[in-house]
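*Asks:* Next come the chains, spelled out residue by residue.
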Amino acid sequence: MSDQPDTDQAAESPTSEPTPLEVFAADVTERLGCLSYDVEFDTVRVFVDKDKWVDTINEARTELPFFSWLSAIDWSKDYEVGEGVADPDSLEERFEVICRLSSVTNGDGVNFVTVLPRENPTIGSLTESIGGAEWHEREAHEMFGIMFEGHNNLIPLYLPDDFIGNPLLKSFPLIAREVKPWPGEVDVEGLPETDDEEDES
Amino acid sequence: MSKRIAFPFLGLFRGMGMTIRAMVTKAPVTMYPDEKEIPVPRARGVISLDEDACTVCMLCARECPDWCIYIEGHKEEKEPAKPGGRIKTKNLLDRFDIDYSLCMYCGICVEVCPFDALFWSPEYEYSEPQISDLLHNKDKLGEWLVTVPEPPALEA
Amino acid sequence: MTSRELMHRSEVAVSVELETPNMTLNIGPQHPSTHGVLRLIATVDGERITSLEPVIGYMHRGYEKLAEVRTYAQITTLVNRIDWVSGFANEVPFILGVERLMKVEAPERAQWIRLILSELFRISSHLVFMSSYPLELGATTPLMYVLREREYILELIEGLTGGRFHPNFNRVGGIKPNYGGGSQSKKQSMDLPAGFFKSTIEAMDRMNKICDDIDILVTGNELFKARTVDIGVIPAEKALEFGLSGPNLRASGIAYDLRKIENYLPYDQLDFNVISRPGGDCFDRYMVRLEEIRESVKIVRQAIDIIPSGPLQAKVPRILKVPRGQVYSRAENPKGEFGYYIVSEGGKMPYRLKIRSTSFSNLSILSWVLKDQLIPDLVAIMGSLDFVLGDVDR
Amino acid sequence: MNFLLFLGVKVALLLAIVLTAALVTIYVELKAGSHMQTRIGPYYAGGKWGWAQPLADGAKFLQKEDLAPAKADRTVFGFAPYVVMMSSLAIFAVIPLHGSFVATRLDLGVFFILAISSLSVLGVLMAGWSSANKYSLIGGLRAAAQLIAYELPLVLAVVAVVIQAGTMSLVGIVEAQQATLFTINGIAISLPYILTGQVVGFIIFMVASIAELSRIPFDMPIAESELTMGYLTEYSGIRFSMFFLGEYASMVGLSAIAATLYLGGYGVPFLPQSMEAFAGPAVLLLKVSALVFFIIWIRWTWPRLREDQLQSMAWRWLIPISLLNIAVIGVFKVVL
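These protein sequence lines are chains A, B, C and D, in that order.
The numbering of the first sequence is the numbering used here, which starts it at 3 and goes up by one.
The numbering of the second sequence is the numbering used here, which starts it at 29 and goes up by one.
The numbering of the third sequence is the numbering used here, which starts it at 14 and goes up by one.
The numbering of the fourth sequence is the numbering used here, which starts it at 49 and goes up by one.
Just so you know, the hints here were simulated from the structure itself, not pulled from any lab data.
Using N, Cα and C, we set each Cβ at its ideal position, and we do this for glycine too.
Keep in mind that a hint or two might mislead.
Unchecked claim - Chain A is nowhere near these chain B residues, computed Cβ spacing over 10 angstroms in every case: (1) M46; (2) P61; (3) D62; (4) A81; (5) A89; (6) C92; (7) Y98; (8) E139; (9) P157; (10) L162; (11) E171; (12) W172.
To be verified - With a cut-off of at most 30 angstroms between alpha-carbon atoms, the simulated DSSO-like pairs for lysine-lysine come out as follows: (13) K328(C) with K251(C); (14) K79(A) with K334(C); (15) K96(D) with K64(B); (16) K96(D) with K238(C); (17) K222(C) with K182(A); (18) K166(B) with K118(B); (19) K334(C) with K361(C); (20) K251(C) with K54(A).
Stated by the list, open to error - Covered, in the sense of this in silico footprint (three residues per stretch, anywhere, with C-beta under 8 angstroms from a C-beta of chain C), are these stretches of chain D: (21) 259 to 270; (22) 350 to 362.
Construct the complete structure from the given sequences, taking the supplied hints into account.
*Replies:* Structural data, given as structure tokens:
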């Protein structure tokens, strides 16, 4: 599977001369047998197959030893708070689990990303080899409901034990903003446009 | 095991020399409330409101991250200056409350105010025994206006 | 056989004979050494901790969720308060991340002001450590001396930004605009107030002085050394595994400093050393911070010599809409690597903001490092990790 | 009748002296400590320099509700502060302010002091156990371990003095220090024991008494940042103030003993006997104040040791050294 070409979602294969970061990303992807990579805004994302998650991370740590963080993103059309995705029509609903490893001698760092289904998301736990992942996985577990197999202490980290729900899901409402009406709702006059125009000049 | 403490205990006594020196020098203490420190001009103490300048545009209330500004107002028609002239409408402020128990003192409201109605004043003595008294209405906010300092001179 | 082994053997022998059951000791959430609301459930055998389970979340404010309902300008206010002893240092990576997404760059003078403020906050944060750490070991006096000196730093910060702890001074593409004095003046950014350079140089002299004083009062104190040397040793590989960063990692012999390896703010134009020490014990963590104050003083002194004049604000639209993209932006917080993973879907608010807070990772090693330590060492080790509960819980 | 009257007067006088001394010590601690920390300390109470702060604190303690934890053993819990207080007060019974001015003239004064001063740990242990609090228990146990470790060097240091003086009476020890050692130009020179071979003993005695007082650097039993005041955790109000007063009273008491044993007590060199009745107590007060100030000074400068370090220091250093000290003093006593 290591030489599988970049066909999946986020691969923006470099059209012109690849930047050093892209070369690095391609190299990591190649060597670790990952699915694809993506470099934007100096941030390297390498997509990993979810079954090879633990092995890939462990292997990557020989080169990028610093375990920075682990978290997830909830890609969902249904949102209660803030703003949704830019084009919900083309969105594939999923969880992305991200683990960042970086080097301690230079600026290299890679966000390893794997995609989980929104229903019953389960992934292997990194706690066996990375002790620091324990808290991060517990956080991801309570915030998104992701199960980490092999984690032997998967209890809520921040939330009280009897808390129901996964607060960082986009569909989870923010009570503070639900119970209080927005004071800006009251309207007497529209926003003054004049000032904006001056600013642009 | 712990490192055995090595003789002589020179370090211990050098520290004692330092504390005894501190004891005989004057303590740099400002005896609040008998004497007060003068806050810097940019200090974010309390927000004051120039009621006349406010056009009830709601920008501050909308930009406030904490939703702690409450504004109500109404439109009023103003008699034209000369007969036959256009009838002007003016927005009048009925209510302008800032809840200082919620305020994070970020100053976004002061920054976004396009009509210069809000100012920072470095005054800080407005603690209250009752949390509800921290809701300052527009009269109280107006009182701070006299304490607003000139902006400081800049480094050349 | 060393005396320690002998002692341990005798302890084991005694406990086998008497069959003393372990006791569960609940430390916190209100406890003088937990810096706030950390709770530790320790199983102790006499004074020795056999296992320890940290319970956090008493100060969980849900910043990652709150950020999803706030505009980028409002988030700056929020992130100030994550690690409140180094408020500005939390803003920097966030603003840099947003600037990277928007492809704007702050003017040079603004960058230098950010750098100076970052270093002032680094000094301030390390001074808080310098004051609280001896206090945890029972020496009450360094607290007062050091906090007195920190006041000079806070005054500088307040004079420049208007806030002592929460400067909220960064804006996308520049720094905070003026307030008051007419709508024209609001379009200008807050520049350095008159006399800033002079008072900064004076304050920096005071910082060197207080470092020397701390050396006499604390570092040279044999009792302090007895309490910290060889206590709570964290080897480098464990530190990396748990994601320790900043002084905690550097004390384990890894000279990992984002100011050198990450290309942000004009640190590359400055001459300073990355302090690292090989031991990995409490004393080394303390010494790294003490030396870093001196390095930061060097940086600030150089920076106020170099700082160019010029504009403070790049052109950005009034209503910030950040283009679609994902960026991980990090910077060297006084406590270590502080980063934000910003996922923007092109709106006024981020779609997701992951906060990689420093103390969270630094503290995650707690149950590993405190195993088989004594209760008094718990205080020494925990203090030496220099965490802020707001930064742990977010 | 006469006996009872004398007893009443003695007790009243003793209490007045000791409690005043304790209050003054508390004030000095507050004020000197504050200034060492570049603070001002008590300021308003009493008008000037906050001199009435200890009294105001006392009044505050009296007003507070007398709380006891639900699961506490109330009898023991209530009794513990008085045991501590009693042991600190009883020390003063034998300290001579002057040759004829001593509450109880015991021939075994030194023995009495050593016996009674270790009683306080019983109160501490009672407090620690009965509070039904794990921190209190650890604190109480630490205090007990500390006392056992430090009573030995204390006793051994005093033994050396007893050998040198040849008496166990405190008055006798002071008088022995006033004995003429040699004469220069016809002036009789007498020196306190600290200058005649007891320096090591004095240091050991001071270290051991600070440990017994559980003050920094040996305040592990109450270690605030670890045990949140240890055995004092659950105490409030009047009972806490008993512990508090007791601590400062023992501080004065142990300093007074140190002054008596090593610094010549009430004795003043070159002073005729007739003057000594007035100068004696004043001189003793001066010596005690110096020692008390030294203990306070240490407290505001140094960090705290660890319990096991303290133990190893006691057993591996202080006890062998004090034994050696006894041997050396004994040899000198025989030879000279």
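*Asks:* Count the residues of the segment 350 to 362 of chain D with a beta-carbon closer than 8 angstroms to any beta-carbon of chain C: does the count reach three?
*Replies:* Per the Cβ count (9), the hint holds.
*Asks:* With 10 angstroms as the threshold, tell me whether A89(B) passes as away from chain A on beta-carbon distances.
*Replies:* 5 angstroms, violated
*Asks:* Is K251(C) close enough to K54(A), meaning Cα to Cα at most 30 angstroms?
*Replies:* 24 angstroms, holds
*Asks:* K79(A) and K334(C): Cα distance at most 30 angstroms?
*Replies:* 20 angstroms, holds
*Asks:* With 10 angstroms as the threshold, tell me whether P61(B) passes as away from chain A on beta-carbon distances.
*Replies:* 35 angstroms, holds
*Asks:* Compute the least Cβ-Cβ separation between P157(B) and chain A, then decide whether it is above 10 angstroms.
*Replies:* Holds, since 25 angstroms exceeds 10 angstroms.
*Asks:* Please work out if K96(D) and K64(B) have their alpha carbons no farther apart than 30 angstroms.
*Replies:* 21 angstroms, holds
*Asks:* Quick one: work out the minimum CB distance from Y98(B) to chain A and report holds if it exceeds 10 angstroms, violated otherwise.
*Replies:* Nearest chain A Cβ is 5 angstroms from Y98(B), so the label is violated.
*Asks:* Quick one: see if chain C covers the segment 259 to 270 of chain D, three-plus residues with Cβ-Cβ under 8 angstroms.
*Replies:* Our answer is that it holds, as 4 residues pass the Cβ test (under 8 angstroms) against chain C, meeting three.
*Asks:* Find the nearest Cβ of chain A to the Cβ of M46(B) and say whether that gap is larger than 10 angstroms.
*Replies:* With a cut-off of 10 angstroms, M46(B) remains clear of chain A, as the shortest Cβ separation is near 38 angstroms.
*Asks:* Just checking, E171(B) versus chain A, shortest CB gap more than 10 angstroms?
*Replies:* Holds: least Cβ distance 22 angstroms, greater than 10 angstroms.
*Asks:* Would the hint linking K222(C) and K182(A) be met if the CA-CA limit is 30 angstroms?
*Replies:* Distance ~51 angstroms between K222(C) and K182(A) Cα, so the pair is violated.
In summary, the structure is inconsistent with hints 5, 6, 7, 13, 16 and 17 from the numbered list given earlier, while agreeing with the others.
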